[in-house]
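2 protein chains.
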Amino acid sequence: MNTEQPYLLTPGPITTTLSVKQAMLQDWGSWDGEFRAMTAALCQRLIALVDGERSHVCVPMQGSGTFAVEATLATLIPKQGKLLILMNGAYGQRMGRIMDYLGRDYVALDKGDYAPPRAHEVDSILAADPAITHVAVVHCETSSGILNPVAEIAETVVRHGRRLIIDAMSAFGAIAISAREVPFDALISSANKCFEGVPGFGFVLVRQSALEASQGHAHSLSLDLFDQWQYLVKTGQWRYTPPTHVVAAFLQALDEHAQEGGIAGRHARYQRNQQRLVAGMLQLGFETLLSDEWLSPIIVTFFAPGHANFDFQTFYDRMKARGFIIYPGKLTAAESFRLGCIGQLYDAQIDAVLESVAAVLDEMEIPTGAPAHALNAQQN
Amino acid sequence: MNTEQPYLLTPGPITTTLSVKQAMLQDWGSWDGEFRAMTAALCQRLIALVDGERSHVCVPMQGSGTFAVEATLATLIPKQGKLLILMNGAYGQRMGRIMDYLGRDYVALDKGDYAPPRAHEVDSILAADPAITHVAVVHCETSSGILNPVAEIAETVVRHGRRLIIDAMSAFGAIAISAREVPFDALISSANKCFEGVPGFGFVLVRQSALEASQGHAHSLSLDLFDQWQYLVKTGQWRYTPPTHVVAAFLQALDEHAQEGGIAGRHARYQRNQQRLVAGMLQLGFETLLSDEWLSPIIVTFFAPGHANFDFQTFYDRMKARGFIIYPGKLTAAESFRLGCIGQLYDAQIDAVLESVAAVLDEMEIPTGAPAHALNAQQN
Numbered sequence: 005m006n007t008e009q010p011y012l013l014t015p016g017p018i019t020t021t022l023s024v025k026q027a028m029l030q031d032w033g034s035w036d037g038e039f040r041a042m043t044a045a046l047c048q049r050l051i052a053l054v055d056g057e058r059s060h061v062c063v064p065m066q067g068s069g070t071f072a073v074e075a076t077l078a079t080l081i082p083k084q085g086k087l088l089i090l091m092n093g094a095y096g097q098r099m100g101r102i103m104d105y106l107g108r109d110y111v112a113l114d115k116g117d118y119a120p121p122r123a124h125e126v127d128s129i130l131a132a133d134p135a136i137t138h139v140a141v142v143h144c145e146t147s148s149g150i151l152n153p154v155a156e157i158a159e160t161v162v163r164h165g166r167r168l169i170i171d172a173m174s175a176f177g178a179i180a181i182s183a184r185e186v187p188f189d190a191l192i193s194s195a196n197k198c199f200e201g202v203p204g205f206g207f208v209l210v211r212q213s214a215l216e217a218s219q220g221h222a223h224s225l226s227l228d229l230f231d232q233w234q235y236l237v238k239t240g241q242w243r244y245t246p247p248t249h250v251v252a253a254f255l256q257a258l259d260e261h262a263q264e265g266g267i268a269g270r271h272a273r274y275q276r277n278q279q280r281l282v283a284g285m286l287q288l289g290f291e292t293l294l295s296d297e298w299l300s301p302i303i304v305t306f307f308a309p310g311h312a313n314f315d316f317q318t319f320y321d322r323m324k325a326r327g328f329i330i331y332p333g334k335l336t337a338a339e340s341f342r343l344g345c346i347g348q349l350y351d352a353q354i355d356a357v358l359e360s361v362a363a364v365l366d367e368m369e370i371p372t373g374a375p376a377h378a379l380n381a382q383q384n
Numbered sequence: 005m006n007t008e009q010p011y012l013l014t015p016g017p018i019t020t021t022l023s024v025k026q027a028m029l030q031d032w033g034s035w036d037g038e039f040r041a042m043t044a045a046l047c048q049r050l051i052a053l054v055d056g057e058r059s060h061v062c063v064p065m066q067g068s069g070t071f072a073v074e075a076t077l078a079t080l081i082p083k084q085g086k087l088l089i090l091m092n093g094a095y096g097q098r099m100g101r102i103m104d105y106l107g108r109d110y111v112a113l114d115k116g117d118y119a120p121p122r123a124h125e126v127d128s129i130l131a132a133d134p135a136i137t138h139v140a141v142v143h144c145e146t147s148s149g150i151l152n153p154v155a156e157i158a159e160t161v162v163r164h165g166r167r168l169i170i171d172a173m174s175a176f177g178a179i180a181i182s183a184r185e186v187p188f189d190a191l192i193s194s195a196n197k198c199f200e201g202v203p204g205f206g207f208v209l210v211r212q213s214a215l216e217a218s219q220g221h222a223h224s225l226s227l228d229l230f231d232q233w234q235y236l237v238k239t240g241q242w243r244y245t246p247p248t249h250v251v252a253a254f255l256q257a258l259d260e261h262a263q264e265g266g267i268a269g270r271h272a273r274y275q276r277n278q279q280r281l282v283a284g285m286l287q288l289g290f291e292t293l294l295s296d297e298w299l300s301p302i303i304v305t306f307f308a309p310g311h312a313n314f315d316f317q318t319f320y321d322r323m324k325a326r327g328f329i330i331y332p333g334k335l336t337a338a339e340s341f342r343l344g345c346i347g348q349l350y351d352a353q354i355d356a357v358l359e360s361v362a363a364v365l366d367e368m369e370i371p372t373g374a375p376a377h378a379l380n381a382q383q384n
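Taken in order, these protein sequences are the chains called F and U. With positions in the first sequence counted from 1, the corresponding number in my numbering is that position plus 4. With positions in the second sequence counted from 1, the corresponding number in my numbering is that position plus 4.
Chain F with its partners taken away, still in its complex shape:
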């Protein structure tokens, strides 16, 4: 076990391999041929992972994932367009805030803290409102840890002739998605989630025809995805200084992703982490917010024990002292916390997490083994 550097049980930044971090022990000139080749390789490999070679292009964007989401919405949705946002947590809500800044029209299907948006609901809204041009959905909404039903939503959106934008920040790299089967105009993700790179940039896999039609839409020079792409095509360079070291780490992370068996291999490990984690936590008396059907292999929300001795900060500090940084919950209705399954976590770490939770509860004099919280999650 790693006690010097705590494991991050979170949806990113996550614990990366030493070899990924060691890839940063060099400096690059961002306009030099060597770095241009690194950028080209990054884009080609990401496009191949969604079978997008004949339809999509990759545009990396400096900043956090939110920068890439804002760049995508602002560049792809025309000023007279209208967006339907499928909200069930913080990241859907954030897309609403972005649209407020942009001053462009949108409606939300707001399912609250964790209920999934369903195809029949999207179908009704699109049938009733022909002004809607685009639909945005969060693939894995880490607020609750739910894996939203993107395939059924995509089918509905396309049947209505609208365009789909997927915020796949915390899912891409571990949840398979093919542009041939799920016809998205844009899929957005970032370096420091399931690919297990370090944070510093996001990227958008975007349908080339949609991007070609997007000149003049963006509200911001820095976040103009069209302009970023045009410069990349013309020069092979990022338009403004890229986080060179973070890019190098990401290329190493892509190598390690491939060595693990690509998306299928990464998914299998995360899925096993989640199943072992949930089984162990249930044995300790915890309950998950979501039913098994909706649990993602990315992060799981657990209700806090209903016991009077439970205090989140104490639980956090004691878990950290044992080498694990956990993540607070985001529910409005009940106290909760989240445990991530992604990053450099294997059976040994999951076992140690469970042992630590048991020991910390014991220290806090909270009994284990019985259901820790009486509230049953209401799910759709």
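Read the hints as simulated data drawn from the structure, not as lab findings. No incorrect hints appear here.
Any copy, or any two copies together, can satisfy a pair, since identical chains are not distinguished.
Derived pair list, reagent style EDC-like, types lysine to aspartate or glutamate, alpha-carbon separation capped at 20 Å:
no., residue 1, residue 2
1, 238, 216
2, 324, 36
3, 334, 36
4, 324, 38
5, 334, 321
6, 83, 104
7, 115, 339
8, 238, 36
9, 115, 296
10, 324, 351
11, 83, 133
12, 86, 133
13, 324, 369
Predicted model, so just to flag it, every value in this text is computed and none were measured.
We have chain F already, so just place chain U on it with the hints.
This is chain U only, laid out in the frame that chain F set:
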């Protein structure tokens, strides 16, 4: 000499120390107390470097330096404000493009490729146009390498009761500037210039009273400096995922900056690099674009040799083979190239640069020793 990893003779990314890069060999949770303390230290130390403790706050911003410039212009200049941009190169022009995206009013004093904007010119423009609320200037315009006369400009701007925004991207850390003497509303810089960190974020040292009055100005959620600051004040965290490893590298870089004697020490080394580089290049027959008065210790533009055998790409490739990545010129009127003086460059490296230039010219059968280019720079 380093032949495995070429030295970067550029205005950033630059060659950093191994210890700065080694600071990235760890993962951090961005909401954890440890990382919050790192962010607080970063801000405090930067504010202290401009004597801004009682007037200014530091707001870091993810992305390249341009993201921080756009965030600053969009947040500080009200929608009904008007900006005077002092342009003499690419970075001033870029501020014009940002204002075009923002749809806010501006005028430019455009001095062309390299002539400095002078106080008397600013004085005339401000006297004639009371609608101008803000003035923006680039401290070191790396397009030519000129160090613009920020002090005389600041005095004029303040005398007219207008607000000053300084893009000090390539200058801060090596050129002393005090908020007590140069009354700026905002000074913008980034991690990977004179502080010798790695690229991934910028920061703004901004007058607190100006920032407090800026709510609702920004056009973009991601680039809303006011919102970024409010979140930082409330939580001690960056609003969206920060480039944690890049931040860690920057803190190490700040330590090494202090060990070198802070801004004065860093300036002395860069100044010596520049003087030795220019002297050596003159001996080889090169001419600088600028007269000594306007040369910065950051980067110097040299005219390409007028000789028929000179070809920039060949020169670049042969210099790279000898361990130095040089930088192309940006002049419209004459062929040129640039050599940076910043980053991990000392006497030994400058000597090696000069030896390499001599050897490459010899290989290209271009005589050295006589003036290599007849064009005399016209300067103000």
